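Novice: Sequence:
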Amino acid sequence: MLIHGKWQNNPPFNYHPWNQERLVDDPRWKYGLPPAGNANYAWIQHMIHHLAPNGKIGLVLANGALSTQSSGEGEIRKKIIEDDLVEGIVAMPTQLFYSVTIPVTLWFITKNKKQKGKTLFIDARKIGHMVDRKHRDLDEEKDIKRLADVFEAFQNGTLEDKKGFCAVTTIEDMAKQDYILTPGRYVGIEEQENDGEPFEEKMLKLTSELSDMFAKSHELEDEIRRKLGAIGYEI
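Residue 16 is where the sequence shown starts when you use our numbering, and the numbers rise one by one after that.
Think of the hints as simulated: they come from the structure by calculation, not from any bench.
Small disclaimer: the values here were computed from a predicted structure and weren't measured.
Where hints are given, some of them may not hold.
Unchecked claim - Computed cross-link-like contacts, DSBU-like style, restricted to lysine-lysine with a CA-CA straight-line distance of at most 30 Å: (1) K178 <-> K94; (2) K231 <-> K242; (3) K141 <-> K160; (4) K177 <-> K157; (5) K217 <-> K157; (6) K160 <-> K71; (7) K177 <-> K128.
Stated by the list, open to error - DEER-style ranges, computed between Cβ atoms: (8) E238 <-> D188: 54 to 64 Å; (9) A51 <-> D188: 29 to 39 Å; (10) K94 <-> L221: 43 to 53 Å; (11) P42 <-> I159: 32 to 42 Å; (12) L221 <-> I159: 31 to 41 Å; (13) I117 <-> S86: 18 to 28 Å; (14) D237 <-> E175: 55 to 65 Å; (15) F229 <-> A163: 48 to 58 Å; (16) E90 <-> K217: 41 to 51 Å; (17) R240 <-> K141: 40 to 50 Å; (18) S86 <-> P118: 21 to 31 Å; (19) L225 <-> E175: 37 to 47 Å; (20) I117 <-> K157: 43 to 53 Å; (21) K157 <-> P118: 16 to 26 Å.
We put the beta carbon where it would ideally sit given N, CA and C, even for glycine.
Given the sequences, and given the hints that come with them, work out the whole structure.
Specialist: Here it is, written out as structure tokens:
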């Protein structure tokens, strides 16, 4: 659906076959012919083709589209990045949909970006809460607003990188990563707070706890042997 020059869509993940043979010379494939076995980059280019001069795309894709090099997809992604269209990539957690449990990624593709030559990466895989055993939900104030605020700060040029969560990256940085768009490559690993306890004391505590666990394990083993012996079974 096109709304005020902005596409909003959730295309079928990894859709195939998609009749590529009938569309080989289609003008939508500005960045390269998408492979017959996967329509992800056909969807992306279809939406880019129909964007207004200042239009934006917000779409959901399977994570494979971030890094695939198969059948020319890596080259298509490279050209889209070099054309300065990728404004933001957000890695989302698993179990957000009732129909599939796989993790997904939000892509924001924009013509005439505010931050030229830059892309925002967010690793949001830890956000949200489980509403039941199979379904995760996002809190509007806590989770969705947090992502929106980070994106707004990026657009305004005021965002500071937060290790393990968000980072602003240049096209040159992405080129060094072979144009792979996996957020973890750019945001890094979250820093762990130092609790102030010296390493030696931590090791003494851990080895003491481990010794206690071993002792309890032996006690449990002896108890199981006694009970099996009482009913005529020996180990």
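Novice: Now look at each hint and say whether the structure bears it out.
Specialist: Status of each hint after checking the structure:
no.: 1; hint: K178 <-> K94; result: holds (28 Å)
no.: 2; hint: K231 <-> K242; result: holds (17 Å)
no.: 3; hint: K141 <-> K160; result: holds (15 Å)
no.: 4; hint: K177 <-> K157; result: holds (17 Å)
no.: 5; hint: K217 <-> K157; result: violated (34 Å)
no.: 6; hint: K160 <-> K71; result: holds (19 Å)
no.: 7; hint: K177 <-> K128; result: holds (22 Å)
no.: 8; hint: E238 <-> D188: 54 to 64 Å; result: holds (59 Å)
no.: 9; hint: A51 <-> D188: 29 to 39 Å; result: holds (32 Å)
no.: 10; hint: K94 <-> L221: 43 to 53 Å; result: holds (51 Å)
no.: 11; hint: P42 <-> I159: 32 to 42 Å; result: holds (37 Å)
no.: 12; hint: L221 <-> I159: 31 to 41 Å; result: holds (39 Å)
no.: 13; hint: I117 <-> S86: 18 to 28 Å; result: holds (21 Å)
no.: 14; hint: D237 <-> E175: 55 to 65 Å; result: holds (58 Å)
no.: 15; hint: F229 <-> A163: 48 to 58 Å; result: holds (50 Å)
no.: 16; hint: E90 <-> K217: 41 to 51 Å; result: holds (49 Å)
no.: 17; hint: R240 <-> K141: 40 to 50 Å; result: holds (44 Å)
no.: 18; hint: S86 <-> P118: 21 to 31 Å; result: holds (23 Å)
no.: 19; hint: L225 <-> E175: 37 to 47 Å; result: holds (40 Å)
no.: 20; hint: I117 <-> K157: 43 to 53 Å; result: violated (24 Å)
no.: 21; hint: K157 <-> P118: 16 to 26 Å; result: holds (20 Å)
In terms of the numbered hints stated before, the structure departs from hints 5 and 20, listed from lowest to highest.
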